[in-house]
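K.L.:
Those protein sequences? They're chains A, B, C and D, same order as listed. Position one of the first sequence corresponds to residue 0 (numbering that gives the first Met the number 0), numbered consecutively onward. Position one of the second sequence corresponds to residue 0 (numbering that gives the first Met the number 0), numbered consecutively onward. Position one of the third sequence corresponds to residue 0 (numbering that gives the first Met the number 0), numbered consecutively onward. Position one of the fourth sequence corresponds to residue 0 (numbering that gives the first Met the number 0), numbered consecutively onward.
Calculated directly from the structure, the hints in this document are not laboratory data. Since this is a predicted model, take the numbers as computed values, not measurements. Be a bit skeptical, because a hint or two may be false.
Said to hold, decoys possible - Non-contacting residues of chain B with respect to chain C, defined by C-beta distances greater than 10 Å in every case (computed): (1) Glu9; (2) Gly65; (3) Gln90; (4) Phe121.
Unchecked claim - In the DSSO-like style, the derived pairs of lysine-lysine whose C-alpha atoms are separated by at most 27 Å in a straight line are: (5) Lys139(B) - Lys72(C); (6) Lys72(D) - Lys144(A); (7) Lys72(C) - Lys11(C); (8) Lys139(A) - Lys72(D); (9) Lys144(B) - Lys72(C).
We put the CB at the ideal spot given by N, CA and C, even for glycine.
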Amino acid sequence: MTPLVRIQREDFDIGAEIAALTAGDPSIGAVVSFAGLCRDESGRLAALELEHYPGMAEAEIGRVAGEAAGRWPLAGLLAIHRFGLIKPGEQIVLVIAASSHRREAFEAADFLMDYLKTRAPFWKREHLADGTLGGWVEAKDDDDKAAERWS
Amino acid sequence: MTPLVRIQREDFDIGAEIAALTAGDPSIGAVVSFAGLCRDESGRLAALELEHYPGMAEAEIGRVAGEAAGRWPLAGLLAIHRFGLIKPGEQIVLVIAASSHRREAFEAADFLMDYLKTRAPFWKREHLADGTLGGWVEAKDDDDKAAERWS
Amino acid sequence: MSMATAEPASLKLVYFAWVRERIGLADETVTPPAGTATIADLVRWLKTRGEGYELAFENPAVVRAAIDQTHAKPATAITGAREIAFFPPMTGG
Amino acid sequence: MSMATAEPASLKLVYFAWVRERIGLADETVTPPAGTATIADLVRWLKTRGEGYELAFENPAVVRAAIDQTHAKPATAITGAREIAFFPPMTGG
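Next up, chain A with everything else stripped away, as it sits in the complex (with noise of 0.2 Å):
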């Protein structure tokens, strides 16, 4: 099983990526999906810029999604994370694991997003509500600490 990767500006459609991951596979039983949208942080945003370095967002979420379909017995993996503007309710990152059993479709799709969050080369810019500019959204030791129940 290869996982799937895309590194996209376009928008995605879950339920369309679901069934194109597990069609003609009778073998999947679990299929978990997560999806991360843009919030507008109590009507402070007007958008997130997200800004990728080409090349090695698609080659470290291919690493990282490598070693979830090492550790788990997985039927279906996919990233995708999108660049550009992205405005509050859309969708910024999906990932979907397809398995047998639902515990290791958890917990794959789980620890490729605390991966991603971590490791992935994206970086977010606020853009204000009042029309200026804002600034580079903060890493966040939680998601270290996330990324760290893995190891």
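We have chain A; now place chains B, C and D onto it with these hints.
P.N.:
Structure of chains B, C and D alone, referenced to chain A:
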């Protein structure tokens, strides 16, 4: 936030359910979905027949979903469980949890699935590929142990 | 104040999965004898009602029960119950 | 066999987010002085190249690096590197 619970014979559309659950709430940053599918058990199975206890199925899943809603700060929680004859590759159950941050969405979906497996009054019977009626699926100790993680 | 067990009340019983198949009924309305106070008492009485019941409850520890659509234990009192269900361990999800 | 640091090689540097903004460049090709063996050495040299670099690396512990699109540590050797990136802690996902 009142959890949504549906017990139905009809199939469901994961993408549409996620969109409906998250629409119009820009505080949502994380959406986790779990879909349980009918496996073919290496070709042995023609279908699963799901019997349920009408009334109690809704009530019991509602109780457990309410407990999840009390335990994690969720913006949305949905559970759909199908009954009737379900073929390999078809969807049986769906849980969606939406929240501001990913940890609570993952945990609430995981929790609700563990309790669905052990407390929701549904029983699976196998219909075999050779045309005969198989036995009732036996409950797994693993599922009880998984549910005990949360107490 | 009258005692709950003074006058035997009629009770709807519902059965699911192999409990239903072994008993041969999906539901029935019964009047348990006076003194039937708990789920365990009810099971003991049901087992006297024929071979199907005996087979369904041959290992009573395996059969689950619900009183008015809420999970119940063998020691749970059935006082005031309208509907009691018996079924195998759940295998949904 | 020639030593890796004998002849300074030209190297592509790429910068992201506030590192890019502070330096004022998205990328550039440089020839570090002989003896620039590690990421930390490279940062020390870059800081001598002007105010923007000094600001970008004012707290070098915060800035992350990648060698040929793989995460690297300050002590990682840059021998043979084609592209080295500097960026803030990642905030994707």
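K.L.:
Which numbered hints are broken by the structure, listed smallest first?
P.N.:
Per hint list: single violation, 4.
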